[in-house]
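Can you build the whole structure from these sequences, using the hints too?
Residue numbers (the numbering used here), protein chains in the order written: chain U, 59 to 378; chain H, 59 to 378; chain E, 59 to 378; chain X, 59 to 378; chain P, 59 to 378; chain B, 59 to 378.
The hints are simulated quantities; they were obtained by calculation from the structure and are not laboratory data.
Any given hint could be a false lead.
Any copy, or any two copies together, can satisfy a pair, since identical chains are not distinguished.
The calculated DSSO-like cross-link candidates involving lysine-lysine, where the alpha carbons are at most 27 Å apart (straight line), are [what the hints assert, rightly or not]:
(1) Lys211 - Lys375
(2) Lys375 - Lys80
(3) Lys187 - Lys375
(4) Lys202 - Lys168
(5) Lys80 - Lys153
(6) Lys211 - Lys164
(7) Lys375 - Lys122
(8) Lys153 - Lys122
(9) Lys168 - Lys153
(10) Lys211 - Lys168
(11) Lys202 - Lys153
(12) Lys122 - Lys80
(13) Lys165 - Lys375
(14) Lys202 - Lys176
So the chains spell out like this:
Protein chains: 6
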Amino acid sequence: MAHTFINQIEPGVTINDIYIVKDPILRSTTRGDLYIAMYLADRTGQLNGRMWQATEPIYRALPKPGFVHIQGRSELYQNNLQIIINNINVVDPAKVRIDDFLARTKKDQKQMFEEIKKTVSQIQNAQLKALTKAFLGDAELMEKFCNAPAAMKLHHDCIGGLLEHTHNMLRVAVAILPLYPNVQADLVLAGILLHDMGKTEELAYDMAFSYTDSGQLIGHINKTLLMLNQKADALRAKGTPIDPEVLDALGHIILSHHGAYEFGSPKLPATPEAFMVYYIDDLDAKINQVESAIDSEQSDANWTAWQNALQTRLYRKRLE
Amino acid sequence: MAHTFINQIEPGVTINDIYIVKDPILRSTTRGDLYIAMYLADRTGQLNGRMWQATEPIYRALPKPGFVHIQGRSELYQNNLQIIINNINVVDPAKVRIDDFLARTKKDQKQMFEEIKKTVSQIQNAQLKALTKAFLGDAELMEKFCNAPAAMKLHHDCIGGLLEHTHNMLRVAVAILPLYPNVQADLVLAGILLHDMGKTEELAYDMAFSYTDSGQLIGHINKTLLMLNQKADALRAKGTPIDPEVLDALGHIILSHHGAYEFGSPKLPATPEAFMVYYIDDLDAKINQVESAIDSEQSDANWTAWQNALQTRLYRKRLE
Amino acid sequence: MAHTFINQIEPGVTINDIYIVKDPILRSTTRGDLYIAMYLADRTGQLNGRMWQATEPIYRALPKPGFVHIQGRSELYQNNLQIIINNINVVDPAKVRIDDFLARTKKDQKQMFEEIKKTVSQIQNAQLKALTKAFLGDAELMEKFCNAPAAMKLHHDCIGGLLEHTHNMLRVAVAILPLYPNVQADLVLAGILLHDMGKTEELAYDMAFSYTDSGQLIGHINKTLLMLNQKADALRAKGTPIDPEVLDALGHIILSHHGAYEFGSPKLPATPEAFMVYYIDDLDAKINQVESAIDSEQSDANWTAWQNALQTRLYRKRLE
Amino acid sequence: MAHTFINQIEPGVTINDIYIVKDPILRSTTRGDLYIAMYLADRTGQLNGRMWQATEPIYRALPKPGFVHIQGRSELYQNNLQIIINNINVVDPAKVRIDDFLARTKKDQKQMFEEIKKTVSQIQNAQLKALTKAFLGDAELMEKFCNAPAAMKLHHDCIGGLLEHTHNMLRVAVAILPLYPNVQADLVLAGILLHDMGKTEELAYDMAFSYTDSGQLIGHINKTLLMLNQKADALRAKGTPIDPEVLDALGHIILSHHGAYEFGSPKLPATPEAFMVYYIDDLDAKINQVESAIDSEQSDANWTAWQNALQTRLYRKRLE
Amino acid sequence: MAHTFINQIEPGVTINDIYIVKDPILRSTTRGDLYIAMYLADRTGQLNGRMWQATEPIYRALPKPGFVHIQGRSELYQNNLQIIINNINVVDPAKVRIDDFLARTKKDQKQMFEEIKKTVSQIQNAQLKALTKAFLGDAELMEKFCNAPAAMKLHHDCIGGLLEHTHNMLRVAVAILPLYPNVQADLVLAGILLHDMGKTEELAYDMAFSYTDSGQLIGHINKTLLMLNQKADALRAKGTPIDPEVLDALGHIILSHHGAYEFGSPKLPATPEAFMVYYIDDLDAKINQVESAIDSEQSDANWTAWQNALQTRLYRKRLE
Amino acid sequence: MAHTFINQIEPGVTINDIYIVKDPILRSTTRGDLYIAMYLADRTGQLNGRMWQATEPIYRALPKPGFVHIQGRSELYQNNLQIIINNINVVDPAKVRIDDFLARTKKDQKQMFEEIKKTVSQIQNAQLKALTKAFLGDAELMEKFCNAPAAMKLHHDCIGGLLEHTHNMLRVAVAILPLYPNVQADLVLAGILLHDMGKTEELAYDMAFSYTDSGQLIGHINKTLLMLNQKADALRAKGTPIDPEVLDALGHIILSHHGAYEFGSPKLPATPEAFMVYYIDDLDAKINQVESAIDSEQSDANWTAWQNALQTRLYRKRLE
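Given below as structure tokens:
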């Protein structure tokens, strides 16, 4: 049965579907009766939910947050839509169609990953080849890499967003590297493949996008550097030692790819390759961010709302 | 006769060549004799010059600065090389091989300009087509465009530098525009062609690179905006009016292409096209700047000197 | 009949007056009846309006935004005042008393404009005289100049605000120029007259103050520079060429009069005249802003609310 | 006998005049003979001095720094002028014409002080009248006030500079206060009179301009606040108590008159009067700084050297 | 009778207690009846209050703000708790238990003050001894010192907070001064004792924490400097003159103890003692701020809400 | 034989000692003779050296830089001291007394290391105990830890400087931790021990202090994080797994201990322990930096030269 999305619910209809419950609170009315207030959400938004005949065991059983099956009815209350809940049951996350709850890249994830592997296979330098192979051959990591978002919000904030962003950056690199023959292509391609790999550990995306504890304490840039060195340690243990110079050159690209201290890079770019990865990353992220901001508002106005991260409103109108 | 470059002069040799004289001063020795102190320069550097048997008429006749034919001799004085001048004569600038005095792009200027014309001819939008044609058909302006430097220093600071920079930006745009199908390609191509056109009026480059008065008071960004509107006025007078919306969209790209207020942009990018021109400009300028800084030092050290504009030293060593 | 201002409407009274309708939305109640929610506004504020017996044709006929004649009644709903609408009819803007909807300078606009013309007529330099005459003689432009606000908010945000601000700046200049005899008075007076002329194109003020598309894409500083050069082109066509040096000196004052890059000036002041115009502009704007902030709160407290643009609260109490 | 200024000394002439000796050092030649190296200075510059037949008692007797009478001869050494000293004798500072050593305002100090007193006498508020009278009647302080420079460098850096700057600020205030009738004129006039009074304690100017220890540890802004409160304490002791509100309003003007934290103001302007004093101070200082920078270079070039404090070069050329 | 705290009031209970009334407004219902809307507060929060049978005399008698005795009843209105008031009477502040309304340090104020006196008595330098004695012996001032908060919010924002903060800073100083033997301990101890003494005049704390007018106009840093100099003037009058050098060294510590211009210090630290006081102050304030932020949220989450002043969320989880 | 330090060489004495040769250049005189120009250095400074009878083999044999035995003579040339070299021979670094060339901490390195071990042994948490033991037991690393400088310049820039700085930080922590009972002492102690461990790889200090390539590309903060994780990997391999939470909490302290992005910390402090380590580090570094700056100038002046890193001059005078 197709999921009824939150932003499609009309007033006065019957509800019998799965949603995410968030922030449930047990309260009592002035008459002393218990009820539960909560939010019900999917990837299109959230609504207030009220269960009037509640008990403490029902409240305790609720995940905070988590998936629940709701039976009830929508109604308008003071001009706001809310859901009156008759029955609420916990749902096994394994049985949920995650795409109803998290936006997913519109591109073909499998095909993008194949194209990435093909592009990276062009690397000539033996050590960079070994390193990138070690990453691409780590099935568990690649599973995460293909599904992680590229960011919490702003750009590529969807399942597969990191994959899509990395894939497009590699395409840009392949297109422009011939125009800059002195830039070491192998380093740029390897740098792009790895640059945000730590986001697989920084971001959680099982029900909604959030930061992991470890992600907040350490950050994806430093996580990526650790992953790189652990892969190198593993290769050395298997008899394929990686030169410190190779690790430092690649590590430097990772550390400096935000381009400025205030954006969390502990090192500023100091090689042509580091500059190129930084610019390709920023270009691809910003174009995606601008197009998303323009598309996400349902409006015919020529200008979007103020974009705080860009310190401007965006102009939507195209030339005829 | 081939020019003897300043950085190739050995001590104790005869000098009989053309140089730029700069900052000449008439002084008297302790015995009361007059002499002229000056700098002699070409594109490889400058040396102190001394003319010991000087007169006020000789001093008055000197251009300040300008080209002069020098007869004299090099000598070491306190371990510094200087030129002792016996004869000094003003030279007609028209008879000077300017390439001895100003660095020139290593690429073929004619070919680059042809490729630019070809690329820009792909523009579909009729009004942008008319506008870019009006620029490309302005022979006097294109003469300047093909010879102006792209900057006083830092990047593409050579005769033909603006052409080379614009040419490469267009090549980058052509390579990556297919990857961003929602970005209006016509606007990006026209924006790149025009983005620094005002540098033809901001920078002087007859003997050395310098700013014009007008360039310092108004700046190349605003000069470019004025040129755009004057071309549109001329087209309107000829019966081809340009819509205000087209002028505003293109003008916005010009005004915002430095990407930040502190870099002299009075507007921040507010369209996908403005973001794309800004990133392609910055990428091409920075890669050129980094490679120039690495190449310009005669050193085997792994690191360049401190680069103030980049707030780092640059790493020169390549992977093997 | 006198207009009943929004901030004077009591609960429970009959409404029969003209207001601006903003953001009307057609909705249906839980019973399926259609109603229209909207804002009704004039220069003193806005209220929620509800038309319960609505139809789609009524909704479609509404301007978004625009002037409407309202018949209905005020009532308290959940302690908020709202208007229940029985009849709503579109009104021809030409028949509206615009002063009910936009604040207007308290000073005499005609007299201020005459004083400006008299002051500017003291300019001795022939070319600056011709340029300022060309502006003052452009009736269509002067009509806008006399009515435009000086800013969207913060200072002189009223009909005639630009005129009042320019008028007062000229008075300050006339008062202090004798104290700075080396500052070129003609340039200062011409610079002040023109400095914000582009606001006539940057801001719209037919019903409420807003930015035009062109204003947001190009900005008033650059618009003013374009106007200056177009006036000079027109004068040249009529046989009165303006020296580039005059245009550059005046253009520089316009470009640098915000005094800092982060306030949108693409050039920093580099002449005594540019510094003087910058300081007189900032002084007059800030004193107006401070006095407006102090006056606009209806409060006896010694301090105003926090002023974000000034990073302080303001002290209202005067010495006895 | 007229003083021979440092910048007028020709090579090979006899020297018999008073200069400031700075940084004398006793050294020995390779042969073991003692000599003293030192700088000799007046307000036009400084030269190297050498006394070849020196003894330790001669060295010990020298002030470091201080006034000395020099007998000797100028000579060119490696193209630099230096003074060979035969005799050197300490001079009583009381017998020195200080104007040979420190630049002095070109305006009439006595007349400026009289005009200041006249302007300040217009203050109506009794307490501000008493306070300003207490300052103007403090003969010892006024002696310093009439001679102190307004700054170490940049603007009004001459004997009488503080007086000239304060005098001109008061003239500006008198000229524009009628245009801002809601600004409390008494507070502005008193605020201007006092705003930099602490510079009399922050700066030393007996031989050259320098900071006092106390000036560096506490700063002139806070010194001025202390002076204000000490004058108020003295008035209270004499039976004329000053209301705390008056002291706070005036103190706030003093503390905030640099207009920004990074310029050493511990408070940002929060009253119209504080804003006005800040702008008049900055306007008068900057115009003086710009005109001084333009005049101080002996050059016909259109542009001055780079002005670091203003982040631009300055344009010297005037309209014809 | 124990006070019923705002955050403990249940719906539907009788209220008979003292609260602070804030922002009372007299309004009329749609039927024309008068009622008063207000906030009722204590140190745990605030609620809406409504008195339906109100008269203008009742409204006029209310303090704005002030203490009132309330008789009434709590109820839920649209899911928000509010107080329906039957009787309201003004209460003499002297009869109020202030601890119900303002948080108080959990440490023993008397004991802390005794420990401070003991620590400060170790000062050897006679003049610093005299100065600190003069402060500690000023009973009226010490009464305020023992009760003032250290800040409006963020850290030690409670009755006795300034005392607790100063006390702990002295303990830190005593602990680490032996590790820095070249730092002058007497100056550090005296500097800590005085560093925020001006907060006794900057902050008001009779009902809630707020700034005084004088505090906002002058600031606690400058107030402290004035207090120091007034105490020195008083000592001089009694025959114990304090050397200017001692006052300047101590005054410098006070002025620079925020460590940066943007935090309101008009001077940057220039002595080892000034650096030490700055670091001890910042360390103690920040640790208190971090621990308070972690403790004040009732949450089991690993992370606090975003802390704007620290530009991060805080991690609450401890190692096991 | 005792080394004759560079800053003790008098003119006209015989030189027969070991120095570091830096930047040797082979040049020819005007007569065509070859000579070598170079710097000769030890830890007290450097002088120009000239070897007039040079050959290309001699030049080629010189280390660039490295230790050499010099025979020659000092002389004054244009008032500057230089060394005229007769013989120059390469010296085996192993035979050099390194303390003549690099400053060394004045404290007992062995004793400091013992005290550090004792302090760290107080850690209770089993995993932190294991981790710190793993570091303290790594003899090769501890050898470097005991000798590395804490910084290139500014503070603790001497052999053993890192040890001295870490040792003193631990002493400060032990002194103040009892005053902050909620701060987890074990984390603070472990964090201090490790915080700058990566400097052993970032800085080279065999002849002079310099950055390693790896140090510049990766930085000591990230190097420390890698070392921490490698030690944890090794412990896990030996059967002592470290919880990710422990590694993250400790890693966060390392990453955030510079306290601000612009100082190279990719994370801002988010735990009480991270704040404490940041403050103790900054306090100890700054006090050392201030005292060193005051001591290092040989001057009786009350103020040091301008300290760019501190944006002030420092006041040297102590209270009597």
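Status of each hint after checking the structure:
1. Proximity of Lys211 and Lys375 under a CA criterion of 27 Å is satisfied in both settings, with 24 Å inside one chain copy and 26 Å between copies.
2. With identical chains, the CA atoms of Lys375 and Lys80 are at most 27 Å apart between copies only, with a shortest distance of 22 Å across copies and 38 Å within one.
3. Only between protomers do Lys187 and Lys375 lie at most 27 Å apart by alpha-carbon distance; the minimum there is 20 Å, versus 45 Å within a single protomer.
4. Proximity of Lys202 to Lys168 under the C-alpha cut-off of 27 Å is restricted to the intra-copy arrangement: shortest distance 13 Å within a copy versus 49 Å between copies.
5. When the C-alpha separation of Lys80 and Lys153 is checked against a cutoff of 27 Å, the pair qualifies only within one copy, where the shortest distance is 19 Å, while the shortest distance between copies is 46 Å.
6. For the homomeric pair Lys211 and Lys164, the shortest alpha-carbon distance inside one copy (17 Å) is at most 27 Å, but the shortest distance between copies (42 Å) is not.
7. Taking CA atoms no more than 27 Å apart as the test, Lys375 paired with Lys122 passes between copies only; the shortest distance there is 18 Å, against 43 Å inside one copy.
8. In this assembly of identical chains, the alpha carbons of Lys153 and Lys122 lie at most 27 Å apart only when taken from the same copy (18 Å versus 46 Å across copies).
9. Proximity of Lys168 and Lys153 under a CA criterion of 27 Å is satisfied intra-copy only: 22 Å inside one chain copy versus 64 Å between copies.
10. With identical chains, the CA atoms of Lys211 and Lys168 are at most 27 Å apart within one copy only, with a shortest distance of 23 Å there and 47 Å across copies.
11. Taking the shortest alpha-carbon separations for Lys202 and Lys153, only the intra-copy value of 19 Å comes in at or below 27 Å, while the best inter-copy value is 56 Å.
12. Taking the shortest alpha-carbon separations for Lys122 and Lys80, only the intra-copy value of 6 Å comes in at or below 27 Å, while the best inter-copy value is 37 Å.
13. Taking the shortest alpha-carbon separations for Lys165 and Lys375, only the intra-copy value of 26 Å comes in at or below 27 Å, while the best inter-copy value is 39 Å.
14. With identical chains, the CA atoms of Lys202 and Lys176 are at most 27 Å apart within one copy only, with a shortest distance of 19 Å there and 44 Å across copies.
Going through the hint list in order, the structure satisfies each hint without exception.
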